[in-house]
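Protein chains: 2
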Amino acid sequence: MMVKVRAESLNFLKFTRNNRLAQQKATNITWHQAIVTVQDREALLNQKGCVIWFTGLSGSGKSTLANAVEQLLHQRKHHTYVLDGDNVRHGLNRNLGFSPADREENIRRIGEVSKLFTDAGTVVMTAFISPYRADREQARALIAEDRFVEVFVECPLDVCEERDTKGLYKKARAGEIKEFTGISAPYEPPLHPEVTVNTAELSLEECAQKVVSFLEKTDLVPTEN
Amino acid sequence: MMVKVRAESLNFLKFTRNNRLAQQKATNITWHQAIVTVQDREALLNQKGCVIWFTGLSGSGKSTLANAVEQLLHQRKHHTYVLDGDNVRHGLNRNLGFSPADREENIRRIGEVSKLFTDAGTVVMTAFISPYRADREQARALIAEDRFVEVFVECPLDVCEERDTKGLYKKARAGEIKEFTGISAPYEPPLHPEVTVNTAELSLEECAQKVVSFLEKTDLVPTEN
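If you read the protein sequences in the order shown, they are chains V and P.
Our numbering puts the first residue of the first sequence at 21, with every later residue one more than the last.
Our numbering puts the first residue of the second sequence at 21, with every later residue one more than the last.
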């Protein structure tokens, strides 16, 4: 690792007073502060920090697929993390509702947190409906171009509704949930996603492999021997 | 890694329609979805996810010390990340000012993001003045008891003011910055911090080693041979 002296660390010692030993260390210094960079962390983890941004209707399989991709990568000893409703809506974004402004802020914060994880060298996955193109483009704009992988989790509405894993479509049809994506609120599919997977036509394994193949092809993770 | 079948992955296949191949795979399934847990990630990284929460006056050396601790841990091949004003105030928290409510929300979000990094298995460090005990306690309450390490970066006000690395004390004394911690706003020192380091008396290396020794003692990172 490159070691460079920072002005701050010298200031630190310069103002270390009433301590002869520390003063002495300042002159015989063998230890300088270096900044651990994103490249250092990536070298350690043998991968590139990046965001895999899953988008699609409720019930399309975003979380399931993100967890499947995470499993494949973890088996190859990569460091990964999945951001989803469970850990974000009840935590960081607990003070946000579902108004247009709050939805936008929800996605903005997820984008910013993804950026922090990317900077940490982690392969971070986000599994949110994220129905609006503009919001997804805002997230993309935060991240280096080759580190943002938009995955369109495609699945016909009727299949999602038939699955209705969380019982939300039933409630939306009964009018108990207002502005439900696909029923009473729009979903804007990506125009140029890096990867598209159709979860009504491919198995979970096939979908997950397709995502991992893209990461390999773009050198975000090394190709498995 | 333990492999357990999740209901969701079965639903995924159950509703995979119009695709005989996928149906067939569902019966001959050899691949089941498992969730990668925090324990799995920690085993991979050979460490425990935790927060090292540095608190102290402006100029006390929080960021410098956090970077020094990060360097020591990185040399031992640990995965670390530092949250500080540079990457948080200009990103996730760019829409917050310095009103009491915004200061509280600032620390709340930092606590929530730290929790996500802890769950990812990372040793995450936060370097913010975080002057109020109540806010720090709120952050602590989010994290498992043995995973929150509060480090009081102690340094007399006059030494911080003499350092004045960012020129902020001068501006605060001139009245150009209002409610500046230590000058015109209170700093509440921790009552029971896990670690206290006095940066006016110890060298940067000694301070950093003291923090790392605590991590070793509490088994958050393995002791170096």
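No lab work stands behind these hints: they were computed from the structure.
Please note: incorrect hints may appear among the correct ones.
Which copy is meant is left open, so a pair is good if it fits within one copy or across any two.
[Claimed, not checked] With a straight-line Cα cutoff of 25 Å, these simulated SDA-like cross-link-like pairs (lysine to any residue) come out: (1) Lys-186 <-> Thr-243; (2) Lys-186 <-> Glu-124; (3) Lys-190 <-> His-212; (4) Lys-186 <-> Val-56; (5) Lys-97 <-> Phe-200; (6) Lys-97 <-> His-212; (7) Lys-190 <-> Gln-229; (8) Lys-191 <-> Ile-163; (9) Lys-237 <-> Ala-194; (10) Lys-230 <-> Ala-164; (11) Lys-191 <-> Glu-214; (12) Lys-191 <-> Val-56; (13) Lys-237 <-> Asp-139; (14) Lys-97 <-> Asp-60; (15) Lys-97 <-> Arg-128; (16) Lys-198 <-> Arg-167; (17) Lys-230 <-> Ile-55; (18) Lys-97 <-> Lys-198; (19) Lys-230 <-> Val-56; (20) Lys-198 <-> Gly-117; (21) Lys-97 <-> Asp-178; (22) Lys-190 <-> Glu-226; (23) Lys-186 <-> Ile-197; (24) Lys-230 <-> Thr-57.
Hint check results:
no., hint, in the structure
1, Lys-186 <-> Thr-243, "neither (36 Å within a copy, 45 Å between copies)"
2, Lys-186 <-> Glu-124, "within (23 Å within a copy, 34 Å between copies)"
3, Lys-190 <-> His-212, "neither (31 Å within a copy, 51 Å between copies)"
4, Lys-186 <-> Val-56, "between (43 Å within a copy, 22 Å between copies)"
5, Lys-97 <-> Phe-200, "neither (38 Å within a copy, 46 Å between copies)"
6, Lys-97 <-> His-212, "neither (30 Å within a copy, 38 Å between copies)"
7, Lys-190 <-> Gln-229, "neither (32 Å within a copy, 58 Å between copies)"
8, Lys-191 <-> Ile-163, "neither (36 Å within a copy, 34 Å between copies)"
9, Lys-237 <-> Ala-194, "neither (45 Å within a copy, 57 Å between copies)"
10, Lys-230 <-> Ala-164, "within (22 Å within a copy, 37 Å between copies)"
11, Lys-191 <-> Glu-214, "neither (33 Å within a copy, 49 Å between copies)"
12, Lys-191 <-> Val-56, "neither (49 Å within a copy, 31 Å between copies)"
13, Lys-237 <-> Asp-139, "within (21 Å within a copy, 29 Å between copies)"
14, Lys-97 <-> Asp-60, "both (17 Å within a copy, 10 Å between copies)"
15, Lys-97 <-> Arg-128, "neither (30 Å within a copy, 32 Å between copies)"
16, Lys-198 <-> Arg-167, "neither (35 Å within a copy, 40 Å between copies)"
17, Lys-230 <-> Ile-55, "between (36 Å within a copy, 19 Å between copies)"
18, Lys-97 <-> Lys-198, "neither (42 Å within a copy, 49 Å between copies)"
19, Lys-230 <-> Val-56, "between (33 Å within a copy, 19 Å between copies)"
20, Lys-198 <-> Gly-117, "within (12 Å within a copy, 33 Å between copies)"
21, Lys-97 <-> Asp-178, "neither (37 Å within a copy, 49 Å between copies)"
22, Lys-190 <-> Glu-226, "neither (29 Å within a copy, 61 Å between copies)"
23, Lys-186 <-> Ile-197, "within (13 Å within a copy, 51 Å between copies)"
24, Lys-230 <-> Thr-57, "between (30 Å within a copy, 23 Å between copies)"
The earlier numbered hints that this structure contradicts are 1, 3, 5, 6, 7, 8, 9, 11, 12, 15, 16, 18, 21, 22.
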